[in-house]
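The residues making up each chain are set out below.
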Amino acid sequence: MANVELTNRRFTPRFILAALFVPLLCQSILNAQVPGRAELLAAEREAKIEEVRQPERTTIERGMRAIEKVASTYENIKGRDPGLHYTTGNLPTGSGLGFGLGYTYRPMTKGGYSDPTLPNLFEFKIDAAYSTRKYYEGKAEIRLSNIAGSIFNIAGLAKYHEDPQEEFFGVGSQTDERDRTDYLLRAFEGTTEAWLSPIKGFRAGGGATYLTPSVGTGRDSRFASVDKVFDPTTIAGFEGGKRNFLRADAFIEYDRRDNPSYPRAGTYVRTKFSHYSDRDVDRFNFRRYEFDAQQYVPFHDGYKVLAIASNVVLTDTNGNNTVPFYFMPDLGGRQRLRGFRERRFRDRNSIVATAEYRWEAWWALDVALFGEAGKVAARRSDINLKDLEGTYGIGFRFHSKKAFTFRLDIARSREGFLPIFSAQHVF
Amino acid sequence: MTQSTSQKRTRIVIRVYSRILILTLVFLGVATLVTYAQHVTKQPDARAFYPDDPLRVDRDRMTIIKPTEFPLYKDADYLINSFTHPGGDAGPAINVNSVDEVPDSSWFTNRIGLGKMTIEDIVRGPDTTGGPAPGIWTVVGRPAGGITPKFTIRDSTGQLYIFKLDPIHLPELPSSVEVISTKIFHALGYNVPEDHVYYIKRSNLVVDPKAKWTDLRGRKRPIKEDDVNHWLSKMARVREDGTVRVLASRYVPGQYVGEFKHHDTRPDDPNDIFPHEKRRELRGYRVFAAWLNHDDSRSLNTFDTFVDEGGRQFIKHYLMDFGSNMGSGSTNVQEPRAGNEYYADGSKLLEGVFTFGFWTRDWMHVKYPSYPAVGNFESDFFEPWKWVPEYPNPAFDRMDEADAFWAANLLTYFTVDVIRAVVATGKISDPEAEAYLARTLIARRDKCIRYWIGRTNPLDRFEVTHEGTEVTFDNAALRAGAAQGKVIYAVQWSALDNLKNEEQRAGDLVELGEPRVTIPASAWGPRDDANYRYAVARIGTLHADNPQWHKPVILTVRDKGGVYDIVGIQRPRHDAKIKK
Chain S
1200 MANVELTNRR FTPRFILAAL FVPLLCQSIL NAQVPGRAEL LAAEREAKIE EVRQPERTTI
1260 ERGMRAIEKV ASTYENIKGR DPGLHYTTGN LPTGSGLGFG LGYTYRPMTK GGYSDPTLPN
1320 LFEFKIDAAY STRKYYEGKA EIRLSNIAGS IFNIAGLAKY HEDPQEEFFG VGSQTDERDR
1380 TDYLLRAFEG TTEAWLSPIK GFRAGGGATY LTPSVGTGRD SRFASVDKVF DPTTIAGFEG
1440 GKRNFLRADA FIEYDRRDNP SYPRAGTYVR TKFSHYSDRD VDRFNFRRYE FDAQQYVPFH
1500 DGYKVLAIAS NVVLTDTNGN NTVPFYFMPD LGGRQRLRGF RERRFRDRNS IVATAEYRWE
1560 AWWALDVALF GEAGKVAARR SDINLKDLEG TYGIGFRFHS KKAFTFRLDI ARSREGFLPI
1620 FSAQHVF
Chain V
20 MTQSTSQKRT RIVIRVYSRI LILTLVFLGV ATLVTYAQHV TKQPDARAFY PDDPLRVDRD
80 RMTIIKPTEF PLYKDADYLI NSFTHPGGDA GPAINVNSVD EVPDSSWFTN RIGLGKMTIE
140 DIVRGPDTTG GPAPGIWTVV GRPAGGITPK FTIRDSTGQL YIFKLDPIHL PELPSSVEVI
200 STKIFHALGY NVPEDHVYYI KRSNLVVDPK AKWTDLRGRK RPIKEDDVNH WLSKMARVRE
260 DGTVRVLASR YVPGQYVGEF KHHDTRPDDP NDIFPHEKRR ELRGYRVFAA WLNHDDSRSL
320 NTFDTFVDEG GRQFIKHYLM DFGSNMGSGS TNVQEPRAGN EYYADGSKLL EGVFTFGFWT
380 RDWMHVKYPS YPAVGNFESD FFEPWKWVPE YPNPAFDRMD EADAFWAANL LTYFTVDVIR
440 AVVATGKISD PEAEAYLART LIARRDKCIR YWIGRTNPLD RFEVTHEGTE VTFDNAALRA
500 GAAQGKVIYA VQWSALDNLK NEEQRAGDLV ELGEPRVTIP ASAWGPRDDA NYRYAVARIG
560 TLHADNPQWH KPVILTVRDK GGVYDIVGIQ RPRHDAKIKK
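Just so you know, the sequences run in chain order S and V. Sequential numbering from 1200 applies to the first sequence in the working numbering. Sequential numbering from 20 applies to the second sequence in the working numbering.
It cannot be assumed that every hint is accurate.
Unchecked claim - Once the Cα atoms are required to be at most 25 Å apart in a straight line, the calculated SDA-like pairs of lysine to any residue come out as: (1) K85/V to T1257/S; (2) K1601/S to L369/V; (3) K446/V to N320/V; (4) K253/V to I1325/S; (5) K386/V to T1257/S; (6) K466/V to G504/V.
What the hints assert, rightly or not - Derived list of chain V stretches under chain S, where covered just means 3 residues or more per stretch with a C-beta under 8 Å from a C-beta of chain S: (7) 65-74; (8) 87-94; (9) 97-110; (10) 352-363.
Unchecked claim - Derived Cβ-Cβ restraints for the label pairs, each shown as a range: (11) K135/V to A1237/S: 21 to 29 Å; (12) T1604/S to T233/V: 40 to 48 Å; (13) Q1373/S to F400/V: 30 to 38 Å; (14) F1323/S to P241/V: 35 to 43 Å; (15) Y1556/S to D260/V: 33 to 41 Å; (16) L1296/S to F400/V: 45 to 53 Å; (17) A563/V to E1267/S: 37 to 45 Å; (18) V435/V to I1609/S: 55 to 63 Å; (19) F1616/S to A163/V: 20 to 28 Å; (20) F1605/S to I187/V: 24 to 32 Å; (21) M254/V to F1323/S: 25 to 33 Å; (22) A163/V to F1605/S: 55 to 63 Å; (23) P241/V to F1472/S: 45 to 53 Å; (24) A1237/S to A163/V: 35 to 43 Å.
It is worth saying that the hints were derived from the structure and are not from the lab. Since we're looking at a predicted model, the values are computed, not measured. Glycine included, each C-beta is placed from N, C-alpha and C at the ideal position.
Looking at chain V on its own, in the form it has when it is part of the complex:
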């Protein structure tokens, strides 16, 4: 009995422990499966869309180790870009999300394109202050580099500003274009410094005894009160009220780590994974630069700064130095060549030499207005597709139709009222000059939109309505007045198996006179592992004047269990021609 009881207990213990063992093994197996699943799901697969598409934010603000300062060399940058054509192939922009938009990042923040900026927002721009705080400003240095006369001050709150002086013969030109440009580029979405047109009095300035600069003889020496007297009296125009107009540019926060190139990535920045020449915002920058005649849109006028935001330390990318914009050449009016011909253009050089002057560049004969506050800026001769910066920009060279559409579409948000309000921030004293500048910007904007918005099928503003049974859209070119006339939309639906990225044609091609199309039930593909299903429409646009619109926009609609959204927009494009 004792033995029998003991044996039974032993058997029971064995059974209990064996079941615990089995259970443990089952859990271990599940854990392994889960771990494997986690591993597998981090690998790219064939799927067309991910559940978090379209990404509105590219989380490129991961904390990194502070990179070392790596300044670009001016002359090398010119040579490399002029003669070696750096960067990779000319494929499509790869930092766009699945609806062909640029997500917010350390490079770009969607602003005016969201359609929610008021004129006041745009005019405020990047400004977080009203400029240097009132009181006595202390001159603490004079930055080297650049061609604009300038010096650094610290205001009464300890904020640092660079005071850039307008040339004595052009007392408003560079400062106005710089302020106007920062407002525009900020509204577009770029990071730019905070700039103010400011009127200063000599009596507000004192010199820090420790302040030094490199003088005209190349010697590093202390800044004296007489130096400031000279800068303000001989290098800038003193107004009747004794003030001097300056551009007060607030120091960009963070620590300078270099400039960003318009090609390749920075190898010491783990956040920087998209080759710069394939960044949509750097390609589309060409459209904005053409609009504003920003011929100095090169890497040397960028600024990478190591910032601490929200507890994360990362590199933030700025555009800056817009003094050579529109009709300004920083220290003089813009050269007529600017925007029309590269510094080094071998074929033009040979033509120039061997035609003995009988052939001349057409830009040589452009007549400019005589407004000193505007300089050499006009809109009649300007052709967006002909415009070039000072020397080749790898991102500009790779801009394709889809990039151009994105940029031109953003320009449509700069209404006449917006442009006039932004121009007013330049504080140009001559009302006629100010009006001319606004008119010219409006005319150039129109030309940019007209040319670039219609290079590809310009369908836009897609929305799923009527509980997932209908899609509406518009034609951006028609909306912007860049094209007129009757259009017909040819739509072909197909069902998408998202996991396999395979489509099954659903129904026949339908032609519509209105930008509104019903989603047939047969267009929905099988549900994927997130329980979502997808329908794809290829929408071509038939328009007599624009045969290139016939190539369809590929639109993907998603059903998230009764909630419908647009998850994919693929715009037709051609590879840009890269000079070799």
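So that you can see chain S by itself, here it is in the shape it has in the complex:
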């Protein structure tokens, strides 16, 4: 009994105390649980753990990656220069897209680095290319610069090429666009050349070339061959098969352009004299004089450029000699008189002048308004400013910060509009 009472007495006060304590405990716990912003952020982060996933590439990223892979593959296929590499060759304009293989041997000097100021810089190049219009060439070139640390340089070149779809509209300035024909030209060329560079931008030198041109039936299925439209006997050099020429050259060049690959300022002047000696029949001996001048006048803080270029080619002969049609200067095409087709005019002499007003439309795009005038003539005395053919147009020149990339020119002449896409700068 006493035990029970003791039990009761002991239990009742504890229960009462506990009953009082519990609500107080609850209140204090609840007060301590007033929410905090840090806690919410932590909860949000904890929740994200459940949703963690690898970052995914966007469509653009995947696309660019694919392009990079293609570019990388191309780079691997393209190879290295120096070394074995892909090349588009040095095929004539209008030959279509060229592709081929080249190999350059350029021994690195002084720790494996090229330095244009070092003596005895040696380079050997060999390449072969074929184009979508069935042009092809094989070429080997050797060059030795800064011989023994001097200003003298020498080079040698051997080249064989076949150009099966060369345009021909007749000789003279009065030819008809509808008389478009084509012919095949193949030749071997062996050249040796020497020059000196006494001061920056100046070069003078000369060389000798052995050439073996031969002409044949054109292979452009769209047009007739020359001999089907014109009387071959009236075209100097068309008949007679392979010919042998020896050519002697001399040139002087002054180049003070700020960036030869995409000039915006400076001057370029070049004059070249060539003497062609017919080694077969003594009928096609002639001399050729070429004058080339370019001037770039930047204005408006250099964001606009007035570019002027002129080119004059004169030939002369002795006695009954004449100039083979394939050695005549020509106008028309991507570089000169752009409103006319490639090699639209040809004769013994030519003159062309071009003026371009270029402005920077965007950091990677210059736009140009251009106008050209020129003509060909049989006689040197007809090389004047009368009866000039004119073209004009607009050009879009894309470039990187340092170099020209490609251009799209739209040119108009009396024969209509011609769009021109080219990776070669006009001048």
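Given chain S, put chain V in place with the hints provided.
Structure of chain V alone, referenced to chain S:
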């Protein structure tokens, strides 16, 4: 008797156990209640403020599993940002605390804005060493990427540094702007690498036989002594004493895991919960980038590194590569276009094409000084609001007035003395060039402050004084000299019920000539569950030249049982215009 005793004992046992059962049930009930309360309190509710507001530290350093490396693609980054306008809406910055400040985090650490940095602190910047330790340095590699010639060395203590070479025709330009920029961005609060202008001798360098690089022909091959000879003699200018000036950039600790985008979050980083375009420090970065002409302020020049700090493993976010800053374009002087026009701006392109050159960009005619150590950097033509990076930055595009105020306010801490001291760290040998650079930075800073600090009501530096009866503040635009003239402050108080986030207007609008306002007793709202009470003041500023200041700053004062503080600052803003 026996039965009676037995029955009694049984009854007693039943009573005892039944009470124990009741007590147990009560405790279980309490436990359930507590658990529920804990659950409930983790959910956002209507309350305006939490007891731990304002957060000074965002604890985004939770240990995470190491993410995989996820490098950005350069060209894709350009295309995405130029043509797709990534990121979400243009709402306000959401990583700010309740007083509109950026808490410390793995992205940002408040430094100069705390007002406690000395000039020595600022000049020291992120540096923990004096640069590579003296002795022989071993060339261990040559990093790919970037356009600056560089190679990696290991010093005698095993620390790795990248030696970046100045271009031979600009022997001080990129290195000086990079060092100056790291000091500035560090003081602002960003994580940046430790950079030093250093003068090295070829004789101090040896090549590790295992060191490799990808040469100019694209071949991976061992680095030879001749390679180092070439780099130092042909790609950098050798000084008269035979030394070559380099930028010694210490390797950032941790493991590289990619770069951070200026939009969205990283899905494999649980700490990364705020979309980057809504991070105040990335939006305000635009102001600093404009100041410094940091046109290369893009994601590719950021660095995410997985670090172990204080026993936690998390991603830390760095800004780096400041070589294209101020008048430097890294390998050349800065292009005049830089900072003035995006790489791709369709309308400008069309205007450029079809106006035949008669219309020209005004930046094309800016004249720059002829200091090779400064490059193309000037302050007369510069207009902060016109400035743009190389291509659109989603965070920059979303910067609003409140973000701009925060950034411009930080700029006010860069006094003339601070700027001169920081410029001196660039070790520019031409005193005139150094003075010009300092003058230009000061002038550009002034323009940035003048333009951006006053885009919104610039009230600042609020303090509760006189035992919770008064609030003082200042006008940051007036303080910074960005505005002059008389101002009147229009104050409307209201009492805030924090739990309901409801306000009751208290008293009438009062106009004051001084930045000092009394808190009326009626402005205090009811106490919340933390036993705190709140008073709200809407303070508009009347100033003749700045009608936009009329929109009030919403200020919240808190009473924590006799301890008073500022718990809320909400600055008026407009949604930034996002190009679509």
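Exercise for the section: List in ascending order the numbers of the hints, as given earlier, that are violated by the structure. Expected result: 4, 5, 12, 13, 14, 15, 17, 19 and 22
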